[in-house]
Amino acid sequence: MNVNLKQLAYRWITAESKNVNITDEYYCQMQDIFEAKNNKMLDILLRCGINENKAYLILAVVGEIGNNSFDHNLGNWPDIMGIFFGYKIKNKKVKIILADRGRGILTTLKQVIPNLKNDQEALEIAFTKKISGRAFENRGNGLKFVKQNIECKKLHLEFQSGKAKIEINSKMKISLADDFINGCLAILTI
Amino acid sequence: MIIYLKKFGDKLMSRSTGREAFLAMSAYLIKDLKKTELIEIDFEGVKVLTPSWADEVITKLIEKFKNIKLVNTDNVTVQATFKILKEYSNLKEIL
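Sequences listed follow chains U and F, in order. Counting in the numbering used here, the first sequence runs from -15 upward without gaps. Counting in the numbering used here, the second sequence runs from 1389 upward without gaps.
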């Protein structure tokens, strides 16, 4: 079956809470389910001929994005907890999609930077500055790690939260998104 | 004291598993050790390391002990994690 993962993820994060529906294949309600699926993806990447070092880096990048969703929404999910996690591998081309219906980057970072103006500014800070949405903790390196490795390995990431999106490959570009989403949507292409 | 990280798994990724690992270390491995004791952290067999896990374990060990040695750090994700921790977690001297 040829599933359009992006469309499926988008529908899942934009549906009204009473209409949210997704198969277990793509839904990770808890962090340990996500981690098990991410670990399984490593075996599949290697079996499909992806270079070992690249596969380890992909796993680390995906791990940071997915675990961020859980770490920053724990006990605070607006309605449906958990994340969407799906991937497709064809002829050594990989597309990985992660999405959550959480509070989004702006709301999270506003807890430590109350004067943040908008989603674009929040995304820029999340990917480039040393800051964490969970105050008093030594954390907040995850998305910088994601950016560094995407740029270094010439991968491609499109990440949207609220009304802003960031695109990273060899350079980083932040712009207004066409539509608004509450949580986060990440599309990683290799 | 040598800490073999592979005994905590070959994919060291989330904060929650890192926190558990540090609690286990604190209870069994590094309990009663002096701050000046040489702590060797061995990365052999680690396939994937992330800054989240490392922040909960490596950063805390470096803060707790003065004499830390990191060995078998060739893995690409270990190197990428060190690069980020150097830049953002003030661990330049050791990493």
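Worth flagging that the hints you see were computed from the coordinates, not collected in a lab. Misleading hints may appear alongside valid ones.
[Unchecked claim] Here are the simulated lysine-lysine pairs, BS3-like style, with alpha carbons at most 25 Å apart:
#1 LYS1471/F <-> LYS113/U
#2 LYS21/U <-> LYS77/U
#3 LYS21/U <-> LYS1395/F
#4 LYS1457/F <-> LYS138/U
#5 LYS157/U <-> LYS1422/F
#6 LYS1419/F <-> LYS114/U
#7 LYS1471/F <-> LYS1419/F
#8 LYS155/U <-> LYS1474/F
#9 LYS38/U <-> LYS1448/F
#10 LYS38/U <-> LYS1422/F
#11 LYS1422/F <-> LYS114/U
#12 LYS114/U <-> LYS1471/F
#13 LYS1471/F <-> LYS1422/F
#14 LYS131/U <-> LYS1474/F
#15 LYS1474/F <-> LYS38/U
#16 LYS1454/F <-> LYS21/U
#17 LYS1422/F <-> LYS1395/F
#18 LYS113/U <-> LYS1474/F
#19 LYS1452/F <-> LYS155/U
#20 LYS1474/F <-> LYS137/U
#21 LYS1474/F <-> LYS114/U
#22 LYS1471/F <-> LYS138/U
#23 LYS114/U <-> LYS77/U
Note that the coordinates shown come from a computational prediction; the quantities given were computed from them, not determined experimentally.
Can you confirm whether the C-alpha distance between LYS1474/F and LYS38/U stays at or below 25 Å? holds, 22 Å
Hint consistency between LYS38/U and LYS1448/F [alpha-carbon to alpha-carbon, up to 25 Å]: violated, 28 Å
Assess, step by step, whether the Cα of LYS1419/F is no farther than 25 Å from the Cα of LYS114/U, and give holds or violated. violated, 32 Å
Take the C-alpha atoms of LYS1457/F and LYS138/U, compute the straight-line distance between them, and say whether it is at most 25 Å. Answer violated: LYS1457/F to LYS138/U is near 32 Å, above 25 Å.
Hint consistency between LYS1474/F and LYS137/U [alpha-carbon to alpha-carbon, up to 25 Å]: At roughly 20 Å apart (the allowed maximum being 25 Å), LYS137/U and LYS1474/F satisfy the hint.
Does the structure keep LYS1454/F and LYS21/U at a Cα separation of 25 Å or less? violated, 38 Å
Check the hint pairing LYS1474/F with LYS114/U against an upper bound of 25 Å on the C-alpha distance. holds, 12 Å
Checking one constraint from the list: CA of LYS131/U to CA of LYS1474/F, max 25 Å. Satisfied? Since the Cα atoms of LYS131/U and LYS1474/F sit roughly 15 Å apart, the hinted pair holds (cutoff 25 Å).
Can you confirm whether the C-alpha distance between LYS1471/F and LYS1422/F stays at or below 25 Å? violated, 28 Å
Assess, step by step, whether the Cα of LYS113/U is no farther than 25 Å from the Cα of LYS1474/F, and give holds or violated. Between LYS113/U and LYS1474/F the Cα gap is close to 14 Å, so the pair holds against 25 Å.
Does LYS155/U lie within 25 Å of LYS1452/F when you go C-alpha to C-alpha? violated, 38 Å
Assess, step by step, whether the Cα of LYS1471/F is no farther than 25 Å from the Cα of LYS1419/F, and give holds or violated. Given that 25 Å is the threshold and the Cα spacing comes to 29 Å, the pair is violated.
Going through the hint list in order, the structure does not satisfy hints 4, 5, 6, 7, 9, 10, 11, 13, 16, 19 and 23.
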